[in-house]
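Enquirer: Protein sequences appear in the order of chains A, B, C and D. Following this note's numbering, the numbering of the first sequence begins with 7 at its first residue and continues without gaps. Following this note's numbering, the numbering of the second sequence begins with 519 at its first residue and continues without gaps. Following this note's numbering, the numbering of the third sequence begins with 17 at its first residue and continues without gaps. Following this note's numbering, the numbering of the fourth sequence begins with 411 at its first residue and continues without gaps.
Calculated from the structure, these hints are not laboratory results. Small disclaimer: the values here were computed from a predicted structure and weren't measured. A couple of the hints might just be wrong.
As a list, the in silico EDC-like pairs of lysine to aspartate or glutamate whose alpha-carbon atoms are at most 20 Å apart [to be verified]:
id	chain 1	residue 1	chain 2	residue 2
1	B	755	B	650
2	D	638	B	917
3	D	588	B	963
Which chain D residues stay away from chain B? Per the calculated CB distances, all over 12 Å, these [as the list claims (entries may be wrong)]:
id	residue
4	421
5	432
6	457
7	465
8	578
9	580
10	628
11	644
To give an idea of the chain A side of the interface with chain C (calculated C-beta under 10 Å), a few residues [to be verified]:
id	residue
12	173
13	201
14	204
15	206
16	239
17	242
18	244
Backbone N, C-alpha and C define an ideal beta-carbon position, used for all residues, glycine too.
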Amino acid sequence: MISAGIDVGTRFVKACIVKDEALLGCAIEDVSRDIDRVIGRVYQKALDKAGISKRHVKRLVSTGYGAKLVKGKSFSMSCTHCVAKAAFVLDPEVRTVLDCGGLFITITSIDERGVFERTLSNDKCAAGSGKFLEMSAQAIEIPFSSISQYAERSKEPYLVSSNCAVFAESEVITQVNYGRENTDIIAGVLKSIAGRAATLFERIQAQDKVALAGGLATVTAFSSMFEQMTDRKTVSLPIPPQNLGAFGAGLMAQQGKPSRGGV
Amino acid sequence: MNIHSSENFSISRAALRASSMGSLFSRYPRALGWVKRLMLPLALEKETAFNRHFRFFILMAGYAMSNTEDIRALGVLSRDFQDYLENVIDETSDKPMVWSEWNLSNEILRAFDVRQYVPETFAVVAQMAGSDAAVDIIELAEEEGMAPEHCSAAKTAVGALLANEAPKPDVIISSSHPCDSVTSSYQALQYMTKAPMFVVDTPYWDDDQSFKHYENNLWDLVAFLETNLNQKLDWDKLREVCENVNITNHYLQELSEMSRAVPSPTSVEPLLLHWLGRMAAFGSPNGMKFAELVHNGAKERLKKKQSIISEEKIRMIWYDVPLVFAPLFPWLEKKFGAVVVSDFMGRIQTVPIDTSSKETMIRDLARTHLYCTMVRHTRGPAEFYMEEFQKIIEEYSGDCFIFMGHQGCKGGWALRKLFRDVCRDARLPSLFVSSDIFDKRHVTEEEVKRQFEDFFRSNGLA
Amino acid sequence: MSDILSTIQKLAEAQKNAYITKAADEGKRILGYMCSFVPEEIIHAACMVPFRMTAVGSTETRLGDTYYSAINCSLVRHIFDKALKNEFSFLDGIVFMNGCDHSRRMYDNWRDALKTQGLGPEFLYMFVAPHTTMETSLNRFIDELNGFSSALEKNFGVNITKNALKNSISIYNRRRKLFRELNEMRKQPEPPISGAEMLAVQLAMTSIPVENAVDLLEQLTEHVHDRKMDCKDKLRIVVTGGAMEEIDHVKMIEDSGAIVVAENLCTGGRHSDVSSDEDGDPVISIAERYLYKVSCPRMVDEFENRSSLLEKTLKEYSADALITEKLMFCDIWGGEVFLLKQEAKRMGFPLLSLEREIYGGGAGQMKTRVQAFFETVRNIQ
Amino acid sequence: MIVAGCDVGSLTAEAVIIKDSKILASKIMGVRATAEKSAICVMDLALAQAGLDYSDIDACYSTGYGRQAIPFSQKNISEISCHGMGAYWADNSIRTIVDIGGQDCKVISIDEKGLVQEFIMNDKCAAGTGRCLEVLAKALDVELHQLGPLSQKARKPISLTNKCSIFMELEVMQHVYKKRRLRDIAAGINNAVAKRVVSLSRSVPLKPGFAITGGVSKNVGVVSRMEKLLGVQFTQLSVDPQIIGALGAAIFAQKENGNHD
Ligand SMILES: Nc1ncnc2c1ncn2[C@@H]1O[C@H](COP(=O)(O)OP(=O)(O)O)[C@@H](O)[C@H]1O
Ligand SMILES: Nc1ncnc2c1ncn2[C@@H]1O[C@H](COP(=O)(O)OP(=O)(O)O)[C@@H](O)[C@H]1O
Ligand code: SF4
Ligand code: SF4
Ligand code: SF4
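All chains, full assembly: derive it from the sequences and hints.
Expert: Below you can see the structure in the form of C-alpha cells.
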C-alpha cells in the first residue's frame, strides 16, 4: 500500500511517500506566508520523486507544529510519535530518539517493541533551537551548509551564554567585532545547543541506541559535539534525519485511518 | 480599560458589576446554563465590553461547574465577594483598613472591626475585568521598576497600588511564606504605603518547634494588631469564625476526597474558587454555605455515579491551575473528556481548630495557616510536595500529571526532576508547560492547547 | 602584580586550594556552605573548616539543568552542576540555608542526587534562619544555632565547648578587624586597593581556613599600606547586590573610568568586617551578629536599616554613585533593586542597576551601559 | 578646525566630518569583518567625499559597539552620550531622544547643553528592537521598509502577547496561517515593538522636545504608534537620523579639542 506523510514544522515542510516500510520519495521546502501552496508543492514534489500519482496514495497522515494546516481528508498525529516510529522501523534497536527542530528539542524513549514510553521537551528557550543556529550563521555570514566545516576548525569554542536568541546573536556580533574567529563562534553556538540537548538526554536517562532526527541533525558538527558531550554514539539512519517526522507519518498512515486524495 | 484613568477603583468597580450580574443569573441557574451554551464561545474569543461584564460568571461556569447546584453555590460565594469589593472601594468608611497577604488566613482579622484588602487578589479581580486588564496592571508595575521575575500576583499587587485600585492601608500584615516573591513584594508595598507592617516568620520544618514558633508569631501578630488598631480582639467572634472554618473545611475536605471516585463527581474548580474567595468568605456564613452546597451537589452525583462532565475520559492531576487559561478547561472537557481531579492549589488538607480556649485557637490557627494552599508545600523541604503527590497518585486514579508551572514559583521549578521521578516510578505520563497563572504573555493559549493535544496523543490518552 | 596579591588572586580563581588540602590532610573536616547567614564560628569551633562554595571554573550547567529549570538562578545551577561533576567531593558535609527559593532547593536536589547517584558527602544539613528580627525570631535563631551545634557534634563525634566558641569568635573577629582596616584605607582619596582586587580578597578569604586568612590579610595590609591607586578622573563607586564572583566584571567597571571603593555583596563586603560581641554568651552573640548586623534583602523588616547603612557607606567612602548588581531570576534582589531605585530618587544619588547571569555574556552591552552611566554622572556633577 | 566622528554599530558603520560646525561629509555603510576594518573603510569614504586626508583631521572620537577597536580615534564615548549630543546639535530644542537600533533601544534625557542626564536601555530581552522587527518582517514575508506603510492601513491590528521575539515569530505565523490581513499583522508587530519601547521609557523623565533616532525611526508604523502612546510629537531632525551617533562623537571631539564654539 502506498501512503504519504506530511510534516509541517516551524521552519520547513516535509513530505514523504511510503510504500509498506520503504521510502519512495521525499521533498522539503521552507515554510512561508502562503503555507497552503507550500504544502501542496512539497507534496507534489515528493510524489514526482516517487513517480506516483496522487490518486494512488491511499492514506495521508500529517504531523508537526502545523499539522492542522494540511487540508483534505488527512489525519494528524503527534510528531514525537511519528519520529519515534520512523527511527524504530529503520533500526529496531533504537531506544531513544532526539528530535532537534527549528524551535523545540524533543526527546522520546521507546521500549523494545517500539512502544512509546515517554517524552520530554526543552524549556521554552529560543537559544537552544535550530533557529538560533540559523540566525547566528547568518549574522557571521557562514552558509548553512558549511557550518560543520567551520565548526570543526575551531580550537577554542566561544561560550555563548545569553538565553535570549536575539541577544545571543548580538553577543555573537560583538564577539566578531572583538576579533573572535567565526569558527570559534559557530562552534560555540553549536555547543550551547548541543548542551541543551544533552541536558534533556540526561534528564530522560536515555538508553542506547540513540537516533538523532530533525534539521539540526543534518549538521554533522552538531551530532559529533552531542556525541562527545554525552559520551555516546548515535546511530546513522538510512534516510535524512530531517525527514524522519514525515516518514514516520507515512508509516503511521499505513496503519491509520484511511484517507483518499489528500491535499 | 484605561488603567491610567484618574478615577479610583475603576477596575474593581467593573469586577463588581461583573460579579453582581453573575449573581443575578445564579438565581436562575437553568437560564445561565443556556446563556453559557450560547455565550461561551463568544465570551472566550473576544474582549468586548459586554463580555467584560459577563466574564466572571461565564468563565467560572465554563469550567466544570455546570449544574444548577454549583451555580447557586457560586452565587452565594459571590455575594461575599461583592461585599468585599464594596468594602474595598468604600472611601467614606472610618473603619481601619488592613492589608493582608493572600496566604495569611484572615480569621483573626474577622475578630476585629476592620475592613480588609488582599493585595494579590487584585490579580483575580483584574482577570474578571478582562485578561488584558491584568496584563496592563502587571506592566504598570514593571514600568515602575518591579522585577519581572516576581510572581505575577505580586506584580499585580504593586500595579494595583499604582493604578489607584488599592485602598489606603492603616496596617499591613504579611508573612515570609510561601516564597521570595512575597517576602520581597511586601517590602515594596510597605515602602510605598508607609503603613506599619507585621511579618509572620514562617518556619521551614513541620515539627513541634516550628509550629510553636509560628504560634508565637501569631501571638505577636495579635498584640501588633491590638496596638496599631487600638482595638481588642473579640475572642467570641474569633470562636464563631473558627467554628465556621471548621465546618467549611470539613465539607471541602470531603469534597477533595470525593474526586477519588471514578467518574469524579466534582472537579477541583469549587476548591479553587473557594481558595480565591477565602479573603472574602473564609469563615463567613456564606462561605460555609458555599462549601455545603458544592459538597451536597457532588454527593448527589457520587450516589448516582455521575461525572461532573458529560463523559469522563481523562483524569488529570495538576500542579497549578492557571487562571488566565480559564477557557482551556471547557476545551479540555469538550475535546478530550478531561477533568482535573486533584491539584496542589485547591486541595484542602488541614486540621480542625479546637475552640475551647484562646490558646488552643491560636495554636490550631497556626497549624491551619501552615496547611494552607502553597504554604503547605513551598516553605519546606521537597517531601512536603512529594509525599502528598505520591498519595494523590495512589488515591485519585489519575491518568496524567500536568505541571503547568508558574513563573513566580521558582522553588517549584527547582524540583521538577523530583516530580518527574515520582511520575516515572508511578508510570504516570507527565507534561511540563511553562506558563503563568495570571500573565498571558508567557505562552499563548494556542501553544498550550497544542502541547496538550500532542501530549494526550503521544501517551495514548486521546 | 605583587606576590601576595597574585597569591590571593589565584586562590580566588581556584576550585580548591593547597590550604584546604593541607587542612584536610591534617584531619580537619571541610564543610561547604553558600550563604553568609551560615555561622562560620560554630563550624570552626567544631574543628572544621567552613568553605564557601562558588561557581568558579564552571562553564556550563548541563547537568545542573537536569534538576533545575531555565528560570532558576544561574549561580545555583552552576554550583549544582559542579557538584554533579564531583567537583565538591573534597567536602565532608554541606550546610544549606533557606536564603532564597533557589538555593534552599539545593538541599532537596542534593539529597536526591545522594539517593539516586551516590553524590556525596552524606552530611547534608539545612540551617534555617528566620526572616524577621523580632524577639521571637532571635529565640528561634538561638535554638537553631544550638540545634546545628548538636548536629555537628552528633554526626562528627566532636564536642563544641563554650570556650571553643569564644576562641572561634575571637579569631573570626580578627579576620573581620583586618577587613575593617582595609576598608578604612579605601576611604582615602587614593585607595590602596582596587575593587577587583578586593573582590578577589573577599572570595579567597572564605575559601581557606580562617587562620591562614588572618595571616594573608596581615601580609596584604602590610603590602598595600603605602600603595596608592591612580585615581585621576575616576569616579568612586559602591557596588551592592547578591552573589558576585566575576572579578572581570568589576574590572570592566573600573576600566570604564571608576574605582570601586566599597561593596555590599553576598560574596563580600556586607558582613566581612562585622564582628561578633566577644563578651557574654557566645551563642547569643553569634545569633545577634547574624540576625541583627548582617542584613540582606531576605530579611523582611530591615529595609530601613539597610538603606541607612547604604547612605552612610556612600557618604563615608565619598562615593559618586551606586551600582546594583543582581542575577537574573533572583527575586529577593529584584525586590531590593526596586526599593533602592526609589531611595536613589529620594536621596538623590545616581544609580545604575545591572543584571547578569553568572559568567554570562553580554559584556558589550554592559560596557556601554556602564560607560554611559559614568558619562552621565560626570554631566550631573 | 576639522573633526570627525566614527560610529561602528553591529550592522552599519557611519563616519561624519565636521568643519566649523558644518558637516563636510557623512557616510554610511554595512559593517565589514571586524570593527577596525569597518571604521577604516567608512572613514576612507568620508575623507574621499570631503577631499581630505587623515592628517587633516584635528580630532576624531569613536562610538558604537566597535568603539574601542578604532585605531585613528583619540577617545571613545558611549552611543548614549553621542546620540544625545548629536540630536541636540541637529536641533537644540530636543530634550528626550528615543533611539531604536538593531540590537537595543534607549531612551535618553538630555539637559540644555545636550549632555545626558538620565537614560534607560533595554536589557533582559530583545523584543522591542529593530532586530525583532526584522525577524518578524521576514516571517511575514514583507520588506522591512514596507512594514511601516503597510501597518498604516490596518483596521484591526492583531495583538501579539508573547514576550520573546522568537516566539512572537511563531505567533505571527499562526496569524498568517489563519489568513489575517497582512496589514493588520504588520500593525500588530509595530504596535508590539512600540509598546515595549514606551513601557521602557516610563522610567526616565520625558521632557518635551522629542526626537527619534536609529534605524527604526524610518518605520512610520512604530513612530506613529509611539507618538500616540506617549501623547507627543517627534521633532523631525534636519540630519539623517542614522548618522546622529557619529555626529555626536564629532561634536564631542570638537568641544574637547578646540576653543571654537
Ligand atoms: N538548509 C538549511 N537551511 C537552514 N536551516 C537548516 C537547513 N538544514 C537544516 N537546517 C536546520 O534545521 C532546523 C529546522 O529543523 P526542522 O526539523 O525542519 O524543524 P521543524 O520541524 O520545526 O520545521 C533549522 O532551524 C536549521 O537549524
Ligand atoms: N528603511 C527602513 N525601514 C524601516 N526600518 C528600518 C529601515 N532601515 C533600517 N530599519 C530598522 O533599523 C534597524 C537598524 O537600526 P540601526 O540604528 O542602524 O542599528 P545599529 O545602531 O544597531 O547599527 C533595523 O533592525 C531595522 O529594523
Ligand atoms: S508560591 Fe508561587 S504563586 Fe504563590 S506567591 Fe509565590 S510565586 Fe506566587
Ligand atoms: S542574598 Fe542573603 S540569603 Fe542570599 S546568599 Fe546573600 S546573604 Fe545569603
Ligand atoms: S543570586 Fe539570588 S537567586 Fe541566586 S542564589 Fe543568590 S539570592 Fe538566590
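Enquirer: Next, verify each hint and record whether it holds.
Expert: Here is what the structure says about each hint:
Between the alpha carbons of residue 755(B) and residue 650(B) the distance comes to roughly 40 Å, so the proposed pair goes past 20 Å and is violated. With a CA separation close to 51 Å, the supplied pair residue 638(D) and residue 917(B) exceeds the 20 Å bound. Restraint check for residue 588(D) and residue 963(B): satisfied, since their Cα atoms lie roughly 15 Å apart, inside the 20 Å limit. With a closest Cβ-Cβ approach of about 27 Å to chain B, residue 421(D) is found to remain outside the 12 Å limit, as its non-interface label requires.
The non-interface label for residue 432(D) is consistent with chain B: the shortest C-beta to C-beta separation is roughly 41 Å, beyond 12 Å. With 12 Å as the threshold on Cβ separation, the claim that residue 457(D) sits away from chain B holds: the shortest Cβ distance comes to roughly 45 Å. Look at residue 465(D): its CB is around 50 Å from the nearest CB on chain B, clear of 12 Å, so calling it non-interface holds up. With 12 Å as the threshold on Cβ separation, the claim that residue 578(D) sits away from chain B is violated: the shortest Cβ distance comes to roughly 10 Å.
Look at residue 580(D): its CB is around 8 Å from the nearest CB on chain B, not clear of 12 Å, so calling it non-interface is violated. Taking the minimum C-beta to C-beta distance to chain B, about 26 Å, the non-interface status of residue 628(D) holds against the 12 Å cut. For residue 644(D), the condition that its CB be more than 12 Å from all CB atoms of chain B holds, with the nearest at approximately 20 Å. A hinted interface residue such as residue 173(A) counts as satisfied when its beta carbon comes closer than 10 Å to some beta carbon of chain C; here the least separation is about 7 Å, so the hint holds.
Given hint, residue 201(A) at the interface with chain C, holds; its Cβ is 5 Å from that chain's nearest Cβ, closer than 10 Å. Below 10 Å, beta-carbon pairs count as interface contacts, and residue 204(A) has one with chain C at about 5 Å; its hint therefore holds. With its C-beta approaching chain C no nearer than about 9 Å, residue 206(A) sits inside the 10 Å limit, and its interface hint holds. At its closest, the beta carbon of residue 239(A) sits 19 Å from a beta carbon of chain C; the interface hint therefore is violated under the 10 Å criterion.
Interface hint at residue 242(A): violated, since its Cβ lies 24 Å from the closest Cβ of chain C, which is beyond the 10 Å cut-off. Against a cut-off of 10 Å between C-beta atoms, the interface hint on residue 244(A) is violated, since the closest Cβ of chain C lies about 30 Å away.
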